[in-house]
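Visitor: First to last, the protein sequences are chains A and B.
Here our numbering is used: the first residue of the first sequence is 1, the next is one more, and so on.
Here our numbering is used: the first residue of the second sequence is 1, the next is one more, and so on.
By construction, these hints were calculated from the structure, which means they are not laboratory data.
If a hint is listed, it holds; no wrong ones were tucked in.
A pair counts as met if it fits within one copy or between any two copies, since identical chains are not told apart.
Straight-line Cα separation of at most 20 Å, EDC-like style, residue types lysine to aspartate or glutamate; simulated pairs:
| id | residue 1 | residue 2 |
| --- | --- | --- |
| 1 | LYS335 | ASP256 |
| 2 | LYS215 | GLU292 |
| 3 | LYS213 | GLU292 |
For clarity, every value in this text was computed on a predicted model and none was experimentally measured.
Protein chains: 2
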Amino acid sequence: MTLVPVSEVRAKAEEALLKAGADPDNAALQADLLIEAELRGVPSHGLLRLERLIRRIGNGAIDPRTRGRHDWRGDGLLHVDGQNGLGPVVARAALDAISERARRLGVAAAAIVGSNHIGMLSYYVETIAAQGQVAIALTTSEALVHPYGGRTALLGTNPIAIGVPTSNGPFVIDLATSLVSMGEIHDRAHRGQPIPEGWALDAEGEPTTDPEKAKHGAIAPFGGAKGYALGLAFELMVSSLAGAALGRDVRGTLDDTAFCNKGDLFIVIEGNSGQGEAFSRYLDLIRQTPPEAGYERVLIPNERALAQRAERLETGLPIADAVWNAVLKLSEEGKP
Amino acid sequence: MTLVPVSEVRAKAEEALLKAGADPDNAALQADLLIEAELRGVPSHGLLRLERLIRRIGNGAIDPRTRGRHDWRGDGLLHVDGQNGLGPVVARAALDAISERARRLGVAAAAIVGSNHIGMLSYYVETIAAQGQVAIALTTSEALVHPYGGRTALLGTNPIAIGVPTSNGPFVIDLATSLVSMGEIHDRAHRGQPIPEGWALDAEGEPTTDPEKAKHGAIAPFGGAKGYALGLAFELMVSSLAGAALGRDVRGTLDDTAFCNKGDLFIVIEGNSGQGEAFSRYLDLIRQTPPEAGYERVLIPNERALAQRAERLETGLPIADAVWNAVLKLSEEGKP
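Could you build all of it, start to finish, from the sequences and the hints given here?
Guide: Written out as C-alpha cells, the structure is:
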C-alpha cells in the first residue's frame with residue numbers, strides 16, 4: 001500500500017486519460033470521479049477502474065471526447081444517447097442540463113443509454129443537493145444478483161442515490177440493491193477469506209461461503225424479497241425510460257470491448273429551502289439516539305465517507321501498489 | 001370471518017362515508033381504496049380503517065369534501081395543501097393533474113401536505129402505469145421505526161411504490177422500509193403469538209419477541225443499514241418537498257383527532273412504449289428461474305396480490321366479523 005498525495009494522483013490519472021485521447025475537461029472529470037471514490041473509501045469505484053477505461057478507449061468501446069447527444073422529449077425529460085462516452089462526462093452534461101430545467105419547471109429528468117460506467121452515484125446527487133435541489137440517481141449494471149428465492153443472476157446491482165439539501169450541507173445516501181458488491185467478494189477471494197453465509201450462491205445456485213465460487217455465481221439481493229423488488233423495479237424503470245438492455249443482456253462495465261448498454265436515470269426536483277434547519281435538528285436527534293446493545297452509535301448515511309474524505313485530503317490516498325504502479329505506467333504510456 | 005360480495009361491501013362503505021358528509025365521488029374513491037386493499041390481501045389498509053376515518057370526519061380532523069388546493073411551482077411541480085381532505089381524494093386529484101402535465105413536459109411531480117392517510121400506494125402507481133407512464137409514490141408516517149443500531153422509533157415506515165408499463169400490464173412494487181408493518185405486530189398480539197427475533201425492540205430499546213411489548217417500542221428497518229438509509233432519505237425528501245413534519249412530530253394517521261401532517265410525493269414520467277415486450281420476456285425469465293432450495297418458485301412482485309384480487313372478485317371479501325359489523329353500523333348511522 002502506498003500513500004500518495006491527492007494532487008499527484010490527480011495529475012497522473014488525468015495524464016493517463018489525456019494520453020489515451022480524452023479532452024482535458026473530460027479527463028479531469030473522469031479522474032475526479034475515481035479520486036472521489038478513493039477519498040471516500042470506495043476503492044471498487046476508484047483507480048482500479050482506470051486501466052479498464054483506457055483499454056476500452058483503445059479498443060474503441062469508449063469515445064473519450066463526446067458528451068452525448070441530447071434529445072428533449074418534452075420540456076422536462078431529456079433522453080441522452082451517450083455515444084459511448086465516458087460515463088461521468090455524459091452524466092454530468094445531462095445532470096447540468098436538467099438541473100437548469102428544474103429551476104424553471106420545478107422538476108426535470110434525464111434517461112441515458114449508451115454511456116459508460118458512471119462511478120460512485122453519491123457524487124452526482126451531492127453536487128445537486130449542494131445547489132438546493134433534491135436529486136435521485138439510478139443506474140443499472142451487468143446481471144450479478146439473483147432474484148429472491150432463485151438460483152441464477154438475472155438482476156444488476158442496481159444502486160440508488162438520493163441527495164436532499166439541509167442547512168448543514170447535503171444529506172446523501174448511495175446504496176446497491178445487492179447485499180454486497182462483487183468487489184467485496186473479489187476482495188475476500190484475494191485475501192483468501194470465506195464470505196458469510198447468505199451473501200451468495202455458486203454457479204449451480206447452491207449457497208456458498210467460498211468467494212472463488214461466488215465469483216461465478218450470484219449475489220443475494222439486500223433485505224430479501226423487498227430488496228429484490230426494489231432492484232427489479234429500478235432495472236425496469238431505468239431500462240424503460242432509457243431504452244437500455246435488461247438482465248443478462250447488459251454488457252460493457254466489466255469487460256474491455258463491448259459497447260456499454262446499461263442505463264442511467266436522474267431526477268432533479270426544485271427544493272424547498274425553508275426547512276433546512278428542521279432537517280439538521282432531526283438528523284441530530286437520530287445521531288444522538290442511544291445505541292442498541294452491540295452498536296457503538298447511530299450513524300447518519302455518508303458521514304463516515306465524508307470524514308474519511310477530509311482525512312485523506314490531508315494524509316493522501318492509500319492505494320494498493322499494483323494499482324498505483326498501473327496508474328504510473330498508464331500516465332507514461334497512455335495504454336496498459 | 002364473513003365472506004361478503006364486493007358490491008355489498010362497496011355499497012355499505014360508500015353509504016357510511018356519505019352519511020358522514022363526504023361527496024359521492026369522494027366517498028366512492030375512499031371506499032375503493034379500502035376495498036382494493038381487502039381484495040389484494042392487505043387488510044391493514046382496508047375496512048379496518050373506515051371507523052377511524054369517520055371518527056376523524058366527526059372530529060373535524062378530516063374534511064371529506066375538499067380535493068386540496070393546487071399551487072404550481074413551475075410548470076411541472078405541483079404543491080398541494082391537502083386542506084385536511086381524505087387522503088385518496090387529494091392524492092388522486094394531484095396525480096391526475098401531474099399525469100396530464102407529464103404528457104406534455106415528459107415529467108411532473110406533486111408534493112402533498114395536510115392530507116390524510118392515502119392507503120395502499122400500489123393503487124396509485126398501477127393506474128398511472130396502466131396509462132403508459134412510469135410512476136413513483138412515497139408517503140411518510142408516524143415514527144414507528146428505529147434507526148439501524150438505535151433504540152428508539154424515529155422514522156416512519158416510509159413506503160415506496162413504483163409502477164412501470166409492460167405489454168402484460170403494469171409492473172408494480174409497493175413496500176415499506178420497515179421490516180414488518182405495525183399491523184402485523186398487532187395481529188400477532190391479537191393471536192397471542194410471539195414475533196420473530198429481530199423484528200422489533202421494546203419501549204426500553206431491548207430486543208423483544210413479545211408483540212405486546214413491541215407495540216410500545218420500535219420496528220426494525222428492513223435490510224439493516226441499507227433499509228434505514230432508504231427510509232431516512234424518503235422521509236427527508238418527502239418532508240423537504242411537501243413541507244411535512246418529520247419523525248416524532250408526525251401525527252394524524254393513527255389517532256382520531258390530530259390534523260394529519262405527514263407528506264406524500266408522486267413523480268410521473270412519460271413512458272417509452274417501445275419496450276413492453278422485452279419487459280414481459282424478462283419477467284418470464286425471472287419467473288422461470290429454478291428456485292433455490294427451500295423456495296417453491298420465484299415470485300414477481302404484485303402478482304400474488306393480483307391473483308388474490310381476481311379470486312376475491314368472484315368469492316367475495318373475507319372480513320373479520322368485528323370489522324364487518326362496524327361497517328354495517330357506520331353505514332346505518334354515519335358514526336361509530
